[in-house]
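Visitor: Here the protein sequences line up with chains F, V and E, keeping their order.
Numbers in our numbering are just positions in the first sequence, counted from 1, shifted up by 4.
Numbers in our numbering are just positions in the second sequence, counted from 1, shifted up by 106.
Numbers in our numbering are just positions in the third sequence, counted from 1, shifted up by 250.
For the record, the hints were derived by calculation from the structure and aren't laboratory data.
Mixed in with the good hints there might be a few duds.
Cβ-to-Cβ under 7 Å is the rule here; a few derived chain V residues that face chain E [unchecked claim]: (1) 115; (2) 116; (3) 160; (4) 189; (5) 190; (6) 211.
Cross-link-like lysine-lysine pairs, in silico, DSSO-like; alpha carbons within 27 Å at most [unchecked claim]: (7) 264(E) to 154(F); (8) 212(F) to 231(F); (9) 268(F) to 127(V); (10) 214(V) to 335(E); (11) 128(V) to 264(E); (12) 69(F) to 29(F); (13) 231(F) to 29(F); (14) 214(V) to 177(F); (15) 145(V) to 335(E); (16) 236(F) to 102(F); (17) 154(F) to 137(F).
Backbone N, C-alpha and C define an ideal beta-carbon position, used for all residues, glycine too.
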Amino acid sequence: MALNPGDFEYISKIVRGQSAIVLEKGKEYLVEARLTPLVASENLGSIAELAQQMRKDISGKLIAKVVEAMTTNETSFFRDIHPFEVLKNTVIPELIQKRESQKRLNIWCGASSSGQEPYTLAMLIRENFPQLKNWKLDFMASDISTEMQKRCQDGIYSQLEINRGLPAMLMVKYFQRSGAQWQIKPELRQMINFKILNLSGHWPLMPKMDLVMMRNVLIYFDVPTKKVILQKIRENMQPDGYVFLGAAETTLNLDVKYERMNFKQSGCYRIKEG
Amino acid sequence: MRALVIDDSRAIRLILGQVMKKLGFEVVDAGDGQQALDKLKSDGPFDIALVDWNMPVMNGYDFVVNARKDPQYNDMRLMMVTTETEMAQVVKALEAGANEYVMKPFTKEMIAEKLSLLGLSIE
Amino acid sequence: MEIDFNLEISQYTKDIWEQILGLEVIPTTEDFSPTEKGTTLAGCVQIMGSWEGSVELLCPAELAKKVASIMFGTNLDETSEDDIKDALGELTNMTGGNIKSLVHDADQECFLSLPAVAVSDIQMHVPGTHEVAKATFKHENHLFAVRMLKKVEKKK
Ligand SMILES: C[S@@+](CC[C@H](N)C(=O)[O-])C[C@H]1O[C@@H](n2cnc3c(N)ncnc32)[C@H](O)[C@@H]1O
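So that you can see chain F by itself, here it is in the shape it has in the complex (with noise of 0.2 Å):
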């Protein structure tokens, strides 16, 4: 399906502005690929014409289907692996030494996309730390797809999707079988708070987090949105909480009151002391 430049400039525009999401010429390919299947399913006959709809689109039910077929979900259980190592031997240990008064803890995913990165943290807690069962545990997972929220909620997942990085153990112990698909049993669904948050909007207000995970999605910013997002983050922060970067992603030359952690390969942040 072909894309004339001047729909490019303004799709890209239009998305941009909805998520932040950043479209560099060059980026037609992608805009094609997510979009056509977009162009089918709202009957239209050409992006041409899906553009022409946006601009007349009051309700702005159009483009937000735009600019979630724009998002990249792409994602595993235990995605890279040493991020979680350190989560379970490390962070968590420490937050649970540190909150044992309060007995209790704020986690955040910021972009949870399907959801297997807090099914992943859900199920990291209920295997090592069974007496967080008691704590007040306020656990929330956001993105900005409201298709992605409602996959998170359902915890329904794909055989290729259950393939990915899950431990078969884990998936004997906290899935179970839906027709063709598996499924997250209801206490692990009930462990997390669904909810759709735009990082380049407006953010509610939050309990102050002991634990975000952030990865994988400061990459589609610009630098100027990076730069207030992690700024944002520390705001709603404990002073000795943690923060989780993708494996590309870094607060250097962004925001210098992080300090990364000298753990192997996690993307593991805290806030400087002082």
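Assemble the complex: chain F is given as a structure, and chains V and E with the ligand must be docked to it using the hints.
Guide: Chains V and E with the ligand only, in chain F's frame:
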């Protein structure tokens, strides 16, 4: 590191073998469970065996049971790579001593991710 | 829950062909009438136990050859008959294994036979069975189909 790829399909032995080689393993293969037990003796030790379930002569489940009887293979990881995808089968394989489970069809990433869960990724 | 077998077969088949072969296959409503040109090969696996029947992969010889050449990394003209049988057998095995997980009864055991591959006469009717589902797919200009046959229970 060394891997034993066990599958009755030559095509799968080839494909899985190539995946493992790309991931840095030296690969030996076997066409059924009995052959695999023989190769353990003649070509071992292996760090991991990738095991199909349905095979002639001796199936992969029986291979796992037999391999786990011999303490000399305790350190070898066993990963089922099979088209058997029922929860009950997964449980059965794990109880028999399999360490991981991949449901066919597989991709290179899936295999790599599972290997790193088993602490066998080469970095 | 009522399972839409055609839908599930479509999904599995797409996944298998894409992940193992890197080929795009599209479900189609066109009818697969392979008698028109060339031979058709049939891969077949039996399902035995809590559900009894079989799963067939019907594939034109030319496409089967392409499949084998991809799996074995060989040129089309050096692909042997054995390669073709092995490759088609394994695809049938994967398809059948996935379908088995949909039909079997969780409390009972259910087994998959080893795959068999033979030249097929498409009008072939397997006695004592009825077709539960048949999904046809298109890869480039080739059509192929997956059939699911259930054993008819004998009246006592
Ligand atoms: C590649 S996924 C990352 C998933 C997971 N964190 C991981 O590392 O595997 C990126 C996610 O970020 C979401 N996203 C993109 N822009 C966003 C925004 N402005 N606000 C919130 N989420 C956004 C997308 O919808 C997508 O699900």
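Visitor: None of the hints should be skipped; say for each whether it holds.
Guide: So, going through the hints one by one against the coordinates:
1. 115: Because about 4 Å separates residue 115(V) from the closest Cβ in chain E, which is inside the 7 Å limit, the hint holds.
2. 116: At about 5 Å, which falls below the 7 Å cut-off, the nearest Cβ of chain E leaves the hint on residue 116(V) intact, so it holds.
3. 160: holds (6 Å)
4. 189: holds (3 Å)
5. 190: This interface hint holds because 6 Å falls under the 7 Å limit.
6. 211: Status holds, d = 4 Å.
7. 264(E) to 154(F): holds (24 Å)
8. 212(F) to 231(F): Holds: residue 212(F) and residue 231(F) sit about 19 Å apart, inside 27 Å.
9. 268(F) to 127(V): holds (26 Å)
10. 214(V) to 335(E): holds (24 Å)
11. 128(V) to 264(E): Roughly 25 Å between the alpha carbons, so the hint for residue 128(V) and residue 264(E) holds.
12. 69(F) to 29(F): It holds: about 22 Å lies between the C-alpha atoms, which stays within 27 Å.
13. 231(F) to 29(F): Since the Cα atoms of residue 231(F) and residue 29(F) sit roughly 23 Å apart, the hinted pair holds (cutoff 27 Å).
14. 214(V) to 177(F): holds (25 Å)
15. 145(V) to 335(E): holds (26 Å)
16. 236(F) to 102(F): Holds, because 23 Å separates the two Cα atoms, which is no more than 27 Å.
17. 154(F) to 137(F): At roughly 25 Å apart (the allowed maximum being 27 Å), residue 137(F) and residue 154(F) satisfy the hint.
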